Amino acid sequence: MPIIEDIESLHLEKAKEIYILGEDATAENEEDHDAYNIDCLENISKYMSKDDVKIYRKEKLNNENKIKCHVNFEYQSTFTAFKATHIYRRLDKDIEFIPFNIHELWSKKVLVDNFAIYPDGEKGKVKVQRYLPIDGNNGINYESEKTVHIVIVGMNQMGTAFGMQTALLAHYPNFIRDKKLRTTITFIDDNAKAEGDYLRGRFASLFDLCRYKYAVCQKDDLQNEGKPIEDIPFTDPMEKGSRYDHLGENFMDLQWEFIQGNVAEDKIKDYLIGLTSTPNKIVTIAICLNHPQQAIATALYLPGTIFRKGHQVLVYQKSSFDLINKVANGELEWKRYKNMYPFGMIEGCYMGESFDNTMAKLEHFLYGYIASKGHKKREEILKDLINETQGLKITIDELWDELGIVQKYANIDLAESIPTKLRSIMGKDYHGYPNEISKVINKDGILLKKMAEAEHNRWLTERLIMSFRPVDKHETREEGVILKDWSFFTNSTLTEKDRRREKRRLIEKNRAHLDICSYEKLKTVDPNLLPNDENVIYYLPALLRHCERMNLETLLSASERDGELNKIFKTLRYIKEDKDSIGHSFWMGEAPITEYQWNVVMNLGQVQEKGINAQLPVVSKSKDEIEDFLTILRKKTGLYFTLPSLKEWEYAAKKSTKEYLPDVDDKSREKVWKEYLHYGDNKGCIPVMALKNKQQNKLGLYDMLGNVWEWTRTDIEGQDSCFYFCGGSWRFKSTECNLNKDYWKTFWNSKLSSNDIGFRVIWKYEENCNIENLANDDNNSIQVEGQRKKFVNEWLDRNIKHVNGGFFVMGTENAETIQELSHIYDGRDLFPFVKVSDFEISAIPVTQGLWNAVMKSNLKNNKSDHKGNSLPQTNVSWCEIVNIFFNELYKISGKRFRLPTEAEWEYAAKGGNTNGLSEKLSLVFENKPKYDSVKDMWNEACKIMANHKKYNRFSGSDRSEDVAWTNESTTQHVGQKAANELGLYDMSGNVWEWCLDYYKIDFLKDCIKGNIDGYDGMEYQTNGYVTNPVCSDQSYSAHVFKGGSWLFKDTECTNVYKNYWIDDDEDNDLGFRIVLDNGVIDMNKFPQQLNTHTSLLC
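All the letters of the sequence shown, read from the start, carry residue numbers 11 to 1108 under the working numbering.
Please keep in mind that the hints were generated in silico from the structure rather than gathered at the bench.
Given the structure is predicted, the values throughout are model-derived calculations rather than measurements.
Check the hints yourself; a few may be wrong.
In the DSS-like style, the derived pairs of lysine-lysine whose C-alpha atoms are separated by at most 25 Å in a straight line are [stated by the list, open to error]:
#1 Lys-755 with Lys-708
#2 Lys-589 with Lys-668
#3 Lys-76 with Lys-870
#4 Lys-319 with Lys-438
#5 Lys-761 with Lys-664
My request is simple: use the sequences and hints to build the entire structure.
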């Protein structure tokens, strides 16, 4: 494990990203692999928090973003714990902590992506390994009778991860129609009984609902109590009399089998033959044995029937894929192993992409976006969403940065289910145009509802895996907290406000989730949640469009160092559909892909092959190799690149070439067209666009005809693995370039290649967009600056509240606190009467949204532990607020703000002059001639106090639960609880709030005695009260803060309770609110003192 000195020697301040991998967990002394990685993570976090490191990254790299730190957790249990709870939130201040598990990562490559990109042995080169979707290429729709059956041989870490990832993904709408059509996950292992018990314990919430069974391979048969496995009944944890029988019949669309035995045994082979021979079962077998040779041997000796009738056989290979692929591809005649695929190679599996989370971000954004539209109809919201483009990426990225790890993974899980959903909706008919999905969804209303129910099953499975559970018949909590049980939510008269409050309490206190139930039960206990699942499906086409656009913006904003893919995109041209043409618009490459562009995509870095010609079209690539190129290009850019269809190619070719090709007869064509096209030349192809001047056209497409043939994605009906290519080439004559004849297209097998066949790409995005504007950093900067100023000024206009001045009693609200404060009055029954001038204060604490806008920061780099634009800003010192924040705020608003004095803060918390006491006290203290002495005034004021309604204990209420967040797990969004009498929120609880005052223990006593801030002022003794008191005694370095926080009990959240801390320190429950400077406080008594802690932020 690296110590801090080792970390320093790595100079991580220069890194782009950090990966903490650790040794193989099976290696010597690596039993504590995950613990070592966590220790390493903490040391890296300490290093990255150093001021000199931050300064280097800011000044040398122009990078103030937190560095991404990916941490490998070898054990699924550790990784799941980090996914389920944001354990290391405190590390987010200095690094972006991203946990991952290599086994889950590979499971996703196989099950979600259906491909893996890996090094092929040559320096910098990559290859693509493909897999079949576990639900087949056509998917499983509502009417289908098919079911998915996954057989996993080996209950090691890879096998377990593969099984749990299958559980997250394999949810299909036909289960809604027929509850017998469940996905089955079978484990075969020599120790399956014990391992199965362990797995069920580790994911107890899941197996408290899922059906399961055990079988042991004995001499005579697969048996459990003497029964063959097919006759062994599943154990149903939800049967009558069970813990969760109040949820009704079993609604889980998953079931599990644990078979103890060896796959080499005849009875298990017979069982697998029976599975693969069963009609409508789509069987994938994953051999997950740790030893590569054992895994290969196990696969090769499976009966031939399994390979012929099964869907695919996956073989775990940690070191190399070569042997499996050579076997699978080497039998062109027999083809026994054609559906056998390797997976799990460690090298190259850590390649991170910038675009993988875009759809997850959009899914998260969607919920809030729909809520913001109020009662608008779904169709109207969809139109708004489609048209919403300006500044959308910034908004979505900000919302994503608010989330902790748990919420991020939940949205990622949802996004990863989309390929499965698309197959269920479209089968093989989806070609990358979202409008195709919209047409199907709008045509079939039943489809939307059934897909929504399938989504609900996916969601509740994900929640169960994350250790949430259903609500019990009777809910208890050790601390004595009263929580509502299931029956409470079945009450038809329950208000939505009460439902949400109690639902939230169950989640936070007991990790019990009301919505983990059947779709039918959900209609009763939480009906307002039903549209959420439908929205996932209904808005999917719009989100797919936005995903493409957001990924384009990311691509175009890439730095020059990372911008080679950016250059490829800029060669695309927009092809707008005509009426009665192909039915959609698209983008097409201006020329065939060049050797240079091929090399950019097919290499891990910027390594270029020697001898390549940057402008020559790449040739001698089979259609299959080109599909690998497109897969890698899509992965690197996040954009749906593909080959054109035959119709798309023909449409673009005819429209572009008719502008420059002369219309001549057949005899003249061979000679005349030579001026415009390259054909009939045995010397080979020429650089792309060499004839650009002769081929000028409005579409900006060149070399559509001649030079090289171009592959399309359209296959030939009745011809296995054959696809069209078009346009003629340098080896052929003008006849093959003539779009009015049939010779311009021909076909070939996808595995074959030629030195005169190339290709161009299309991007399946139907809208036109100004690429230059999207790529223009200056325009983006101006836009962001304008948005920043607008946000700040709107925040101030919306939240600054005027408070009328007046009199109040400081430091007490009732007899109880009078007694507590009696020691400061020298035995006299005196109150600290205070007069406060008019002032203006923010109705809410300063939020992270305001802080980021003022400080030119963002949520990702915000110092608060719990992030969110509407969450209070925390982890900021008094010095940073006073010395930096207020100066930056002045530059934007033109107004001087400051912190409230303790007197202003308490006056506002108590409701100012709204309870009538202030007016009555003013009749005393502002009519001094009526009284013989100040003492008489005090006596009269005390009588008024005795007979007047006391101040509320908390700001706005005597009940803390009405107005204050206390005893919570973290900060809460501002303004959710009730406001006080002045319309101010969160004065009690949520976060402590800095005040301007220095802390002095006997300050109230000094106010009464007239000894304020070290000088003899007798205002209190002569007038009976003190005006605008503030402690500015600089002999104290601590400052006052008030109001309590989420971390404390309600006894610390009263209006009068105060705390203090040193001015250059910060905490995760300490924030502030602002006051407009009204000129009554001498700010020269609070000089700005920049120190090393705050100067870094200037």
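Outcome of the hint check:
1. For the hint linking Lys-755 to Lys-708, the alpha-carbon distance of about 24 Å falls within 25 Å, and the restraint holds.
2. As the CA atoms of Lys-589 and Lys-668 are separated by approximately 18 Å, the hinted pair is consistent with the 25 Å bound.
3. A threshold of 25 Å between alpha carbons decides the hint, and for Lys-76 with Lys-870 the separation of about 7 Å falls inside it, so the pair holds.
4. Straight-line distance between C-alpha atoms of Lys-319 and Lys-438 comes to about 21 Å, which keeps the hinted pair within the 25 Å bound.
5. With a CA separation close to 28 Å, the supplied pair Lys-761 and Lys-664 exceeds the 25 Å bound.
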